[in-house]
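If you read the protein sequences in the order shown, they are chains A and B.
Read left to right, the first sequence gives residues 1 to 154 (the UniProt record's numbering).
Read left to right, the second sequence gives residues 1 to 154 (the UniProt record's numbering).
Hints in this document: simulated from the structure, not taken from any laboratory.
Note that CB positions come from ideal geometry on N, CA and C, so glycine has one too.
Do not take every clue at face value.
Across the chosen pairs, the derived CB separations fall in these ranges [unchecked claim]:
#	chain 1	residue 1	chain 2	residue 2	range
1	A	K19	B	Y61	40 to 48 angstroms
2	A	T50	B	A69	14 to 22 angstroms
3	B	Y4	A	F25	27 to 35 angstroms
4	A	P110	B	K26	36 to 44 angstroms
5	B	K106	A	Y61	35 to 43 angstroms
6	B	K26	A	I72	24 to 32 angstroms
7	A	K19	B	I71	40 to 48 angstroms
8	B	D130	A	I72	26 to 34 angstroms
9	A	A137	B	H126	44 to 52 angstroms
10	B	V104	A	T111	22 to 30 angstroms
11	B	H108	A	T81	21 to 29 angstroms
12	B	P80	A	A69	13 to 21 angstroms
13	A	K83	B	M1	24 to 32 angstroms
14	B	V104	A	L99	27 to 35 angstroms
From the derived model, a few chain B residues whose C-beta atoms are all more than 12 angstroms from chain A [to be verified]:
#	residue
15	M1
16	A23
17	P80
18	L99
19	K106
20	F127
2 protein chains.
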Amino acid sequence: MRLYYGYNEFRKDVVDLAKMVEANFKPQAIVSILRGGMTLAHFLGLYWDTKEVYAINASSYGTDRKQGALIIDNVPKLKPTHKEILVVDEIVDSGRSFLGVMQVLKEHYPTAHFKSAVLFAHKSAHFQADYTLKEAASWIDFFWEVDTQGDHIA
Amino acid sequence: MRLYYGYNEFRKDVVDLAKMVEANFKPQAIVSILRGGMTLAHFLGLYWDTKEVYAINASSYGTDRKQGALIIDNVPKLKPTHKEILVVDEIVDSGRSFLGVMQVLKEHYPTAHFKSAVLFAHKSAHFQADYTLKEAASWIDFFWEVDTQGDHIA
Chain A
1 MRLYYGYNEF
11 RKDVVDLAKM
21 VEANFKPQAI
31 VSILRGGMTL
41 AHFLGLYWDT
51 KEVYAINASS
61 YGTDRKQGAL
71 IIDNVPKLKP
81 THKEILVVDE
91 IVDSGRSFLG
101 VMQVLKEHYP
111 TAHFKSAVLF
121 AHKSAHFQAD
131 YTLKEAASWI
141 DFFWEVDTQG
151 DHIA
Chain B
1 MRLYYGYNEF
11 RKDVVDLAKM
21 VEANFKPQAI
31 VSILRGGMTL
41 AHFLGLYWDT
51 KEVYAINASS
61 YGTDRKQGAL
71 IIDNVPKLKP
81 THKEILVVDE
91 IVDSGRSFLG
101 VMQVLKEHYP
111 TAHFKSAVLF
121 AHKSAHFQAD
131 YTLKEAASWI
141 DFFWEVDTQG
151 DHIA
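The following block holds chain A by itself, in its conformation from the complex:
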């Protein structure tokens, strides 16, 4: 089973996720995991009207999502004023790359407070984000993955 996740659902979910976060966390910076978190982090940065949007590379090189070495690179230079930082990705699959990213960021910035936010999470994941909007019960085709492919182009 595959679920298509479209733009019109996303643009409302951004607001819901932002409200969930800001209820008890006021991030001074956003760190987007590349690539998956990019569109979400872009929208959140504008929703909160902050230019403090950064990125970090996390990739598993292998034949499927669970195999291969996890490479985390391009840890962003954050500012001393960044005490509360939100790390953003689109989904927690296994949780492996998110776990790695959070660990690396905490090592680099031991006095900062990092929280994590995603649109979707699988129940079986080994990592639980601080803010998760929806459960992923099936494979999700995100609009940024499929809307530029063949049949979806109107």
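Model the placement of chain B on the given structure of chain A, informed by the hints.
Okay, now just chain B, sitting in the frame of chain A:
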């Protein structure tokens, strides 16, 4: 006058811009200017099915787009295999930050070949991107700026 630039136009424009680029350039990596280029770079990375998507921070701190110091930071670590690299932003306004980003990247990677791509450009800009899809004849409200604000939420 303001132009609303919506998602349905964007998803087709991504394909048009990608085709314009790949006609004579085969990037092995994409560098997104933060924040503006994030959604476009995300879509291009998936369209070309590459995980080689990176980011760079460029911000003018001042009271409007033309004032203040230009700060370029978090120059990504690229790989020796990255010979042709596409730098992506949503629009060339004055061109100042794009000029600065291209200069910094070329200084860091003197043997790599950088080209630039944007959705929109103002005629009056001091920088001309290698690939520009459309002319910006007015102020543009991008969907990532306005679709999460008040009235746009259906």
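Here is how each hint holds up against the structure:
no., hint, verdict
1, A:K19 with B:Y61: 40 to 48 angstroms, "28 angstroms, violated"
2, A:T50 with B:A69: 14 to 22 angstroms, "18 angstroms, holds"
3, B:Y4 with A:F25: 27 to 35 angstroms, "31 angstroms, holds"
4, A:P110 with B:K26: 36 to 44 angstroms, "42 angstroms, holds"
5, B:K106 with A:Y61: 35 to 43 angstroms, "28 angstroms, violated"
6, B:K26 with A:I72: 24 to 32 angstroms, "27 angstroms, holds"
7, A:K19 with B:I71: 40 to 48 angstroms, "30 angstroms, violated"
8, B:D130 with A:I72: 26 to 34 angstroms, "31 angstroms, holds"
9, A:A137 with B:H126: 44 to 52 angstroms, "51 angstroms, holds"
10, B:V104 with A:T111: 22 to 30 angstroms, "29 angstroms, holds"
11, B:H108 with A:T81: 21 to 29 angstroms, "26 angstroms, holds"
12, B:P80 with A:A69: 13 to 21 angstroms, "18 angstroms, holds"
13, A:K83 with B:M1: 24 to 32 angstroms, "41 angstroms, violated"
14, B:V104 with A:L99: 27 to 35 angstroms, "32 angstroms, holds"
15, M1, "21 angstroms, holds"
16, A23, "17 angstroms, holds"
17, P80, "14 angstroms, holds"
18, L99, "19 angstroms, holds"
19, K106, "18 angstroms, holds"
20, F127, "20 angstroms, holds"
Against the hints set out earlier in the document, violations occur for numbers 1, 5, 7, 13.
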